[in-house]
Amino acid sequence: MSFFVPGIVLEQRKEPMLSRDMVMMKPDSLRTFQNPFEEILPQELRPEEITEVARLADIIDESDGRSLYEELIEADKRGVDAVIADAIDDEPFISSQLNIALHEPEKIALALELCAKAVHADLSKIYVAVYRHVFDITIRIPKKLAGVEVMRFGGRYPAETRAYNKFRKEKNTLTVGTGALLHLVRAAERGISQTSCFVTVAGDAIANPRNVEVPVGTPVSEMLRFCGLAADPETVIVGGSMTGRSISDPEEEKVGVMTRGVLAFRESYKSLGYICIGCGRCDHACPEGLSASQLRRFAEFGRRDLLELYDVDRCIGCGSCSYVCPSRLDIGTTIFAAKRSLAAEKALAEKGGAAE
Amino acid sequence: MKKMNAATVSLMNDSFRKILFSNPVLVGGMVVGEIIIGATSLQNAIALSITFAIVTIPVLLLAPLIAYFVPKTWRILCYALVSMSMLFTAQAAVAPISPTIFDSLGIYLPLLALNTVVVAYSRLISEEKGVVFNLLDGICFSLGFLIVAVLIGGIRELFGSGTLWGYEILQRKASALKLPFSGFLIAGFLAAAVEGLRIVFHAKPYEHFSGGKEDQK
Amino acid sequence: MNEHGLILQNAPHVRTSESLFTVMGDMIVAMAPLYVIAWFYYGPRALLLGLTGAATAWVLDMLSVLACGRRPDLRDLSAVVTGLLIPLLMPASIPYYVVVTACIVAILAVKFPFGGTGNNLFNPAAVGFAFTAICWPELVFSYPAPMQELAVAGEVAAKTAVSPAHNLMLGAIPSLDLFDMILGNAAGPMGATNILVILACGLYLLVRRTIGWRAPLSFLLVSGLMAMMWPRSPFGTFSSVGWELCSGMLLFGVVFMITEPVTSPKRGFAKVLYGATSGAVVMLFRYFGGFEDGFVFALILMNVFAPLFDRVCENVLHKIRHGTLLPKNFAPGAENPPKEKKKLPKPSLKKKTETEVGA
Amino acid sequence: MTILLSFFGAALTALFLENIVFARALGTSWLLYMLKHPKELVRYSVLLTIITVVASLIVYPLRDFITGTGYAYVLMPILFIVCMSAMYALIYFVTKRFWPEVFENIRKRLASATFNCAILGSLLIPYNEGMDLARTLGYSLGMSVGFVFAVVLIGAGMERIALCRVPKAFRGLPVLLIYLGLLSLAFYGLIGHQLPT
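Residue numbers (our numbering), protein chains in the order written: chain A, 1 to 356; chain B, 1 to 217; chain C, 1 to 359; chain D, 1 to 197.
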């Protein structure tokens, strides 16, 4: 990014998915649940009623996979004074959370108020967290989203990890994904339980890429057919473009609550076993300030002593080094695998030590 | 020729390998210094290999004899004295090659008297071997040394000063080849070539003789 | 859509658009104006020299990769970059065989034995030029006067001129003032005299992030400081700093050779150390060295210490982060597996849970 | 004052300009041993330093006596061998009598430490160049310290080479020789002229 701070800013390529509206794939699959507080307006719901609705609709927060009910109870016990909607999409192509925040700001604002009331937080301290370094988008991210102030997170990838570390350090904030907030509003207003999740279908092999609301568990091939395929994809990816995994058979692959996106690319990047030319770009790209080229070399030669000296356990597996490598080496994967094997061996050694 | 049993065959193979595939200089890394600095011309190379032969072979031959009389600690003295006394005959043998041979070799001629073969190999290996095999060892060592010296000396003289044994051959000459650093480079490339040949012919890899048995005091 | 025709690939599925070709292409693009200027001053002979250098280096590199038993990768132009770099350090009236020997030494003696493109420990162009400078000092350090058409082949009858570096070495007053040297119509190595063009190429490489800013800046600071403290030219300190920096191959080396990513240290601060010490050593070579411009020898000497700087910085960082210079039971090379490469677990494509990155 | 100056001048030239390993390539087998057993470097470098300095002290007065007679080139090696064996015997008995534990751990390599090319070289060179006492002492001290300096430098380099994809034929000694060549080219830049052999 800049000359002095290590790390890179990724080219987001979020158009045209961001500016298009969310589309519901199978409208008839919505299930309702018996809402005891049917007639009360959502604004007047009491805190325990809100958590009761969340439990009945069994809403799951897609940013960290925990159920919203537990999060609210735990945050209430901890005493929280600010509620933040997580709409940070720092991975290229992915815009499922940001799309909801931009296209239904009123619902998100209402949901934030409900959550703030549920955890007895200060009603004025509700924010929507957004990733600032998104340049090539047609609609502008406003300062205020339907009255709710927008908190901007910028800087180098991975912005989401840094944001979460900041929130955890502050200890008095509750972060909820925008998808879960939307489900909370629907459950409170019309008693619809959570059966669907929000996924970005994109990639250069997709005819019209857009954000899709999909019932949980639909196979990936069906979604690809729904958005139409412009060409025969060489790789299909489930999850984020930087952290997802490529799949071999779209028929069985199911979409989960935490799946942010489904991407299909015309040709996979050609990693034909190039050699490291020692250009040093990955050293500058690592946000944690590790020297990635040396770590990859130690991992390749199995030098565990130098891996330890060069602090391989600080690697967060973000993949920025693999992103910038001009000869397409999988530096991030190698280093993260080496970190895991080193940690496993150390645990084994301790257990062995303890066993004697 | 009486039928050679397996032991003698392996011993003979052991010595013959010393000529190329486990060459004392390029693979064993023993008498490297004198070759790299000393052998800057063919005459020097020949002089060095003659001295090496004259100095080491007697030591190897006398090793079992000396081992019989002298206790372990003082054998090194006898070997050094023997090789140094042989140095005179070597200097006499080398003198007719060319009048300026001694100043172009300088200190590297007397240095050959204390090379690693004389100091370490004799005390470790050749004391147990019979006299005939020691002679064979000495000859293979000298042949190996000769090949390397002639190769390095020839290349450096031909390309370095454009002459071969003093006769003008090339006009353009890269005088940097006569310096020690190009000696190292050429020796490195020759060692790689020998190693490459050894891999191609699947010959037995070289195990350093002082690796296993730590030599005595 | 054939279900099973899909390719499995590892974690980041979007990659930068740069490839081997563009990285090395940047260097070649940065050297192109220098060749145009050299062609403008010395005629087409400059281009032919560059061509022979690049061709020999490339062919030798391909042969050495084949000799290693690996598949030669045609997109890897690092040998061409070395081949183009060497003629720029030499005068335009240099015979062709000198450039060819320099390339042979550069590729075969420095890149090939240590394992090809990313593994060389020394700067190949520096070693190649150093070898030829020792072999034929009279050819390599006699510079033709600029603005004269040199014969393309055969005997080159060129009016020679004394380069500013030579004057400085003898302590004489350089005949040109600073402005002429910056514009480059001074006698000197083919690509190293035009200061403006070199700085422009350096800026281009800096912006393209092919070179770092740390090593050149610290190099110039230290060499400028030393030039100021012990001026060699009789005039004031400012002109002496200008003459020292603009003469010889110093600025060219700073932009193209000090910043070579393979042989320079990897850590940011280690680069600063590397640049500072090589600046000091270059000036020492100029004061006491045997050759007119000891930049190349100083660079080779500093390449020896580059891994040392890296290791020192790493230990200091380890001390800052963990309080101890080395990890607890740090056995160098001892306890890791034996020589043959440990089979690392194949990068597992198991579901990388969001929490692993998210939390 | 000039004695000190020439002492340190000779020590520095022997350390950097005419390094025993880079410029004169002596003691390479001893270098290989040190690279394989880095832990014993301190012990044997102290031993080498003591032997070189004391031996050149013993040799110096006898040298004029030898050059008096005509056959200097012949008698000189004999004198050196006698001095080295005297050194060997001296160290052998002194350490055995006064410091048994020191004797115990240098016992194994004492013989090849006293009788190797590095020691004979560091005695012959001052003799060839006809140095006076201060320069001889400085030179032999610089040589042994230069040897340690070279071993440390090459050790660091070999560790870096262990991480390179060296081709199969070059692994081991060949790449060490080539690295030594490039190192001696680097140090050759300091001198810039031909070395007297």
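Derived by calculation from the structure, the hints in this document are not laboratory data.
In this text, all values refer to a predicted model and were calculated from it rather than measured experimentally.
One or more of the hints may lead you astray.
Claimed, not checked - Derived BS3-like pairs (lysine-lysine); straight-line CA-CA distance at most 27 Å:
#1 D:K96 with C:K328
#2 D:K108 with B:K178
#3 A:K169 with C:K159
#4 D:K168 with B:K72
#5 B:K204 with D:K39
#6 D:K168 with D:K36
#7 C:K328 with D:K36
#8 C:K328 with A:K351
#9 A:K125 with A:K107
#10 C:K328 with A:K166
#11 A:K169 with A:K125
#12 A:K171 with A:K117
#13 D:K39 with B:K129
#14 B:K72 with D:K108
#15 C:K319 with A:K346
#16 D:K36 with B:K204
#17 D:K108 with C:K319
#18 A:K144 with A:K107
#19 C:K328 with A:K346
#20 A:K339 with C:K319
#21 A:K144 with A:K125
#22 A:K339 with C:K328
To be verified - Computed spacing ranges between beta-carbons, pair by pair:
#23 D:G172 with C:G323: 35 to 43 Å
#24 A:F135 with C:A200: 23 to 31 Å
#25 D:G155 with B:T163: 53 to 61 Å
We put the CB at the ideal spot given by N, CA and C, even for glycine.
Going through the hints against the structure:
no.	hint	in the structure
1	D:K96 with C:K328	violated, 38 Å
2	D:K108 with B:K178	violated, 38 Å
3	A:K169 with C:K159	violated, 73 Å
4	D:K168 with B:K72	violated, 40 Å
5	B:K204 with D:K39	violated, 30 Å
6	D:K168 with D:K36	holds, 20 Å
7	C:K328 with D:K36	holds, 24 Å
8	C:K328 with A:K351	holds, 18 Å
9	A:K125 with A:K107	holds, 17 Å
10	C:K328 with A:K166	violated, 30 Å
11	A:K169 with A:K125	holds, 18 Å
12	A:K171 with A:K117	holds, 18 Å
13	D:K39 with B:K129	violated, 33 Å
14	B:K72 with D:K108	holds, 12 Å
15	C:K319 with A:K346	holds, 21 Å
16	D:K36 with B:K204	holds, 22 Å
17	D:K108 with C:K319	violated, 38 Å
18	A:K144 with A:K107	holds, 14 Å
19	C:K328 with A:K346	holds, 12 Å
20	A:K339 with C:K319	holds, 20 Å
21	A:K144 with A:K125	holds, 13 Å
22	A:K339 with C:K328	holds, 17 Å
23	D:G172 with C:G323: 35 to 43 Å	holds, 38 Å
24	A:F135 with C:A200: 23 to 31 Å	holds, 28 Å
25	D:G155 with B:T163: 53 to 61 Å	violated, 39 Å
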